[in-house]
Amino acid sequence: MDGFFVFAIDWGFIFDQSVKQAVDINAIVYALAAIGLNVHFGYAGLLNFGQVGFVAMGAYGMGLGITYWQTNPAIAVLIGIIFSVVFALILGLPTLRLRADYLAIVTIAAAEIVRLMARSTALRDITQGAEGLNEFIGPFRDLNPFSPGAEYGFGPFVWSGNRFYTIVIGWTLIALFLLLVWQLMRSPWGRVVKAIREDEDAARALGKSAYWYKLQALILGGVIGGFGGMVMALGNATVQPDFFVAPLTFFFWLVLILGGVGRVWSPVVGAIIFWALITFIQNLGRQLVADGLIPTSIMDTTQVDQIRFWIVGAALALLMVFRPQGIFGSREEMALDAH
Amino acid sequence: MPTDLSQLERTPGVAKPDPILVVDNMRKRFGGIVAVDVDHLEIQRGVITALIGPNGAGKTTFFNVLTGFDKPDEGSTVFDGDVINKVRPDVLAKRGMVRTFQLTKALTKLAVIENMKLGAKHQRGEKFLRALLSPMWRPQERSIEERGDALLARFKMDHMRDEYAGSLSGGQRKLLEMSRSLMTDPTLVMLDEPMAGVNPALKQSLLDHVRGLKDEGISVVFVEHDMDVVQGISDWVVVMAEGAIIAEGPPESIAENKQVIDAYLGAHHDTPLDLDAELEGAHGEEEE
Chain A
1 MDGFFVFAID WGFIFDQSVK QAVDINAIVY ALAAIGLNVH FGYAGLLNFG QVGFVAMGAY
61 GMGLGITYWQ TNPAIAVLIG IIFSVVFALI LGLPTLRLRA DYLAIVTIAA AEIVRLMARS
121 TALRDITQGA EGLNEFIGPF RDLNPFSPGA EYGFGPFVWS GNRFYTIVIG WTLIALFLLL
181 VWQLMRSPWG RVVKAIREDE DAARALGKSA YWYKLQALIL GGVIGGFGGM VMALGNATVQ
241 PDFFVAPLTF FFWLVLILGG VGRVWSPVVG AIIFWALITF IQNLGRQLVA DGLIPTSIMD
301 TTQVDQIRFW IVGAALALLM VFRPQGIFGS REEMALDAH
Chain B
1 MPTDLSQLER TPGVAKPDPI LVVDNMRKRF GGIVAVDVDH LEIQRGVITA LIGPNGAGKT
61 TFFNVLTGFD KPDEGSTVFD GDVINKVRPD VLAKRGMVRT FQLTKALTKL AVIENMKLGA
121 KHQRGEKFLR ALLSPMWRPQ ERSIEERGDA LLARFKMDHM RDEYAGSLSG GQRKLLEMSR
181 SLMTDPTLVM LDEPMAGVNP ALKQSLLDHV RGLKDEGISV VFVEHDMDVV QGISDWVVVM
241 AEGAIIAEGP PESIAENKQV IDAYLGAHHD TPLDLDAELE GAHGEEEE
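From first to last, the protein sequence lines stand for chains A and B. Take the first sequence: its letters are residues 1 to 339, numbered as in the working numbering. Take the second sequence: its letters are residues 1 to 288, numbered as in the working numbering.
In short, the hints are calculated from the structure, not lab data. Glycine included, each C-beta is placed from N, C-alpha and C at the ideal position. Any given hint could be a false lead.
[Unchecked claim] If you want the ones that stay clear, here's a sample from chain A, every Cβ over 10 Å from chain B, calculated: (1) ASP10; (2) ARG119; (3) GLY132; (4) TRP189.
[To be verified] Facing chain A, according to a computed beta carbon distance under 10 Å, are these residues of chain B, among others: (5) LEU107; (6) TRP137; (7) LEU213.
The shape of chain B in the complex, shown without the other chains (with noise of 0.2 Å):
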């Protein structure tokens, strides 16, 4: 039973029934401008979150910030109970948050199955002293790559298998990226912008992959600036303008919300100018 958030209140900074990230107070500054501006967040446990905002908004910084690759200034961030304000991205990862990156971070000169191997947890032979006897890691080496071959049938990446992985192409680089956050066992994975060069083709089998991962009970956000993605796939869409919260809600409810084409659009999109003043108000009527 998936969780119904149809009956929260569409205000920025609602509580969730059942939290996996929550955000406070939370200012990046760079220099005078200030990128992020949170008062507060909370982000749903088990659905998809989708956090938009034209360019500009502040939503790579912030999601750099949650994940560990940028320091926050000010505010406080708790995933899963834990306050996780300085800690570094890997260990976040090791605790089960992953993160994908807007520009794809394919390992280029490693093979793909090496790419989904690197992802594993626990791996014995990472230390230096048992890498030495591969007695101490090949049995867990053999069980990580059946693991990283099915992920790779699932993601239909197999015959790409044994390729450098800088040979993929962008779409493949990104479903590689998916993937291969999944070998962490990840209970909440933020993926940065997945759809962003992506052709329409593989744009509607990213789109079931991330569908995917909700269906095994993982909690998604990701960043997307294009609203039209966001209203087939997300659960609740959280929208940033200029570093802040402008408004929170069900996909239905943010296409109508007037501050959210307000900071797509300018505030005076509709405004009329004086020179053509009915030709402007004519429209404005189309739109309504």
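Here chain A stands alone, though its shape is the one from the complex (with noise of 0.2 Å):
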């Protein structure tokens, strides 16, 4: 029986598919999500539950840009980055001069705002409804210096062309976004706003005008998490609504605790955990069901899909007992919230 099991199941393609994942285009996304949420939560205290809005406009500035101006990639860039400080502003100026729950309420309810106006039939004339943009991609792939009917990569880990592209300008946007983080938080700009999420008062008594730094960090977490749904946009080819939904957001903070709060590696490394995991559960389910290790009266295969999420939520729930911190976190400093 032993034998048998070893036999029946495909390690290596397990393992080559989760570390596949681990750097494919949604880990991405939800690694430029997660270090703009670290912004927000990790370093300026802002509880925000709403970040799939502000990927939701990075990804729907760009495509409109692209279909409705015909403008050059750049600008269409541009443009995403607009909506995307456009969100902040409109979240944060009637919001951030109150307690920080305010925010946490208006920002759940924002990003839903923003999918069903994106899907409503009013706008479909601009958004065109649940189709989504699709006719974007055409000025990005021009640029693409990779030859789309070609594989890349090394070994079991290749994509095409047009993938790779988007993979690559994705860890590009990772770096820089984390050599910015890194750079602002050792600066006095970032002494201030962690002294703001410390005590806002402290700071507005040293002369810190806690609202102006709160909507910076507010604009600039919500810019980087636009940048992922430029690249989500990017990888599929098509930005539709319905991939903007609210439990995203919930993963997002998922990959962003499960690193570690406050740490600019942690969304990262977050993000390569979750998907590597995912993956690597989904995979093993699907094998263990296909080969009747698991009767298919107690699971089929569409159910490891579900199945899954229940592993990685049982996970997080044992790293919260036994690392709360996260994976770089620092207890020591966890403990300081204790007095």
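With the hints as a guide, bring the two chains together.
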């Protein structure tokens, strides 16, 4: 029976798939969104439960730019940034003077409003409803230095030229934003932002405008999330409203907490682990079911896709029990909150 | 030569020779309760002024209104010649009025020295774009750090320099908050119950530090409800009760002021009760 077990499961395939997904477009999108969340929550203490709204703004801004104004990709990206900034201003201007919970309430609603507006019939002429934007990828593909027909990568980890193009762009963006966050958070600017996280009134009493810095942090994290949306749009060659459902925000949070809040690297490591784990469980489950090791009376292949989230949820619960600070977080800092 | 206030009239709202802070007709209501009801008050520059009063007298609310953390319903405050009614606390701090809090606000997850550095004004690296280029702010950062270290040494906190502020004791947090406020180069320091919850040994050193501020030419206002603390340290005492200023004067005069005693102990504290009038009367005589 043991021998059969070893033979039936293709561990090599599962491993390859897991590694591949850990660096693929989904992981990149999650990493970028979580880097933004880390700026919001990890450094500035802003409770943003609508990060997916920023992702949507970036994606739609870029997509609409090409679709309607036939503009060049650089300007389309700029429009994606502007959309994210405007969204941050709409959320932040009225709420950041109030207590932290108000932002949390507004963000969770605003992100849903963005999605529902994008798929509404009233805006159908612009956003093309549930079908979304599908005509914008051309100008980006024209700039692709890789040959779309060829495969890139090494060993078992190969992608088509178009996909590899997006992955290279994505990881370049991640590197740039990590560098940006690292530099900012060691500067006096970062000190003010962290001080506001610790105690807003203390920062104000020392001459720092808490409102202005919170707004800056909200914009910065939102724009980084917006770039996540742009990578998503490039990778899928489409922008559809139902990509941007509310649970996605909570996966971004999961990724951030998994890595450890308030550490530069943690969102990226969190995203890698999250996608590797999800893929591993999914592929293992599918094989177990296909090989009859798990009888279909218990679970079939489609159910594996749901079960994987149960297992990830359980794993996260265990992490919170045994390592509440996440992978990179500092237990010492965590303990200070108890005071 | 310290300002001599002993010749001033000892009445609420008396004019000072060189006021740094002038309050007029200030009212602050919470629903039906008038928490602050001050007709006129002047705070002298360069001295230590104590603001005392029994619990619930409105001292902290008054303090919050003066420092911009709360908005008055009516009235005006003039700080160093400028009306500051609607000025935000961070702007006030930049203009030289800095405050501390009754419940100390150490920035727990920042190191002690980072707490200090935060206080410095006009930091180039606090602007987003300049923060991106270290050479823009590094030299200034170094000089700020030197100032922070010097202040920490003065407050005998230098051994805690690299610890998280959250790991400090209550008294050390008071010291940190006071020294941090000095990083803003203040002209007026407002201390909200600096001695609250501090052990007696540290209390003495805190008092010395408050005196030290005055020696540097900084004006100090501090809130306190313990009258004994006030005696040794303040040049002038302002007494609040039920939101209003009921007495002003040098500390010696305040302890004997009938209205102040009434405010602290209740207006009828020495009125004999019918049943044991004789006994109470005897006590009353002893107090005289």
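Verification of the hints:
1. The beta carbon of ASP10/A sits about 47 Å from the closest Cβ of chain B, which is more than 10 Å, so the claim that it is off the interface holds.
2. The claim that ARG119/A is not at the interface with chain B holds, since no C-beta of that chain comes within 10 Å of its own (minimum 35 Å).
3. Residue placement check: GLY132/A keeps its beta carbon more than 10 Å from all beta carbons of chain B (closest about 34 Å).
4. For TRP189/A, the non-interface assignment is contradicted: its Cβ lies about 4 Å from the closest Cβ of chain B, within the 10 Å cut-off.
5. A least Cβ separation of about 4 Å between LEU107/B and chain A falls short of the 10 Å threshold, and the interface hint therefore holds.
6. The interface hint given for TRP137/B is met, as the beta carbon of that residue sits about 6 Å from the closest beta carbon of chain A, less than 10 Å.
7. Restraint check, LEU213/B versus chain A: the minimum CB separation of about 16 Å is more than 10 Å; hint violated.
Hint compliance for this structure: hints 4 and 7 are broken, all remaining hints hold.
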